[in-house]
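**Student:** So you can see what is in the structure, the chains are spelled out below.
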Amino acid sequence: MNAPVRIQQADFSQDEEIRALRSSSKRMGGIATFLGCARDFSEGRNVSEISFDAYGSMALAEMNKLRNEAIEKFGLLDARIVHRLGTVQCGENIVFIAAGAQHRAPALQACHWLIDELKQRVPIWKKETTPQGETWVTSHP
Amino acid sequence: MNAPVRIQQADFSQDEEIRALRSSSKRMGGIATFLGCARDFSEGRNVSEISFDAYGSMALAEMNKLRNEAIEKFGLLDARIVHRLGTVQCGENIVFIAAGAQHRAPALQACHWLIDELKQRVPIWKKETTPQGETWVTSHP
Amino acid sequence: MIRVIFFGPVADCVQSREMQLDYVVGMTLHDVIAQLGAQHPNAFGIVSFIAVNQNQVRDKQMVLQDNDEIAFMAKFSGG
Amino acid sequence: MIRVIFFGPVADCVQSREMQLDYVVGMTLHDVIAQLGAQHPNAFGIVSFIAVNQNQVRDKQMVLQDNDEIAFMAKFSGG
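Residue numbers (our numbering), protein chains in the order written: chain S, 1 to 141; chain U, 142 to 282; chain C, 283 to 361; chain H, 362 to 440.
This is chain S alone, in the form it adopts within the complex:
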């Protein structure tokens, strides 16, 4: 089975991630997920594709820390974080977070916390390709 925290070029399947997550416990009553995808429009400009650069080893270490912190902080049964690198076409998947708990509130709260923290703490950078050229994204929309 794939590791629960990954950085990869390839796309991923939500169903497979969920299957892996729930295989960790039969006590799991609530699973919250967040999927970030490449939009065709950002800050008033058309976007055709997005490419990502990362400090890979540190990014993976930070994502593992985030997972452990979330499990501890929200009492999760399990959590998974997958982020793609390389070039992602408009409409494709970028990032996936899943949090599983006995009840729904901690799963939902942990999922929200994880994506907010990931954006603040994980060294990954996004460059958007538009008709006007390429631009590194610096805001946290």
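Derived Cβ-Cβ restraints for the label pairs, each shown as a range: (1) 45(S) - 430(H): 34 to 42 angstroms; (2) 89(S) - 154(U): 20 to 28 angstroms; (3) 144(U) - 312(C): 35 to 43 angstroms.
Hint data in this document are derived by calculation from the structure and do not stem from the laboratory.
Just so you know, even glycine gets a beta-carbon here, dropped at the ideal spot from N, CA and C.
With the hints as your guide, set chains U, C and H onto chain S.
**Tutor:** This is chains U, C and H only, laid out in the frame that chain S set:
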């Protein structure tokens, strides 16, 4: 394509629901989902299966109202709600909510709001089968 | 005719999912509750919501119309 | 030897992803910033985070060790 709001005996695929959700807009940057599953343990008792009864026509009408309210309230691009009826084995899917928006915050907030409201407003009842017999669930854990 | 329907825990208590009552001009929701509540006190003890024609109703003085569908429901536990 | 690495927007400004600096006993993070910042002012203008051996560092007086890996990073924009 399946309707965005459904009550059905059959299981569903998260990947298919997400595909249907995102097909509604290329502006979708964030998709939050909640999946409720049957746990093997509830209120201190082992649970082998859960069966559901519903006031079908009213439940479907309420779920459609919830979807419309969430789209309006959170500015969603689309949302889907699926609830299973009949008998669900321990570990299986019960309910699925997906909310898609341009940015992550409204998608995550809408998803949390939808599952909380569904539990309050949709006429569905859950019966747990345990070694001690069958019990209708009355709390909102 | 008034159609009265029950689901889940209430249907189990009443041991029925559906009943029909004769319609009388001017009859209210309260009249139906009084009649059925006397016959099925346990079931009506767990009724938390009432819907008439699939809309939740809180005013028990509501005057019914012929062919109305009334649901007496326990607290919901879906999801 | 000190290994200095750049990513994303900072790497584009520096026009390089990696540099090596000679290690001098007692040298601090501040010394490295002063040296490279003078050569690449635009790049260092967008540096928001610094990591030494993959741990974020805020104290620029930190004394470096031989073979340290320093990353100068713009504000993150993943997710």
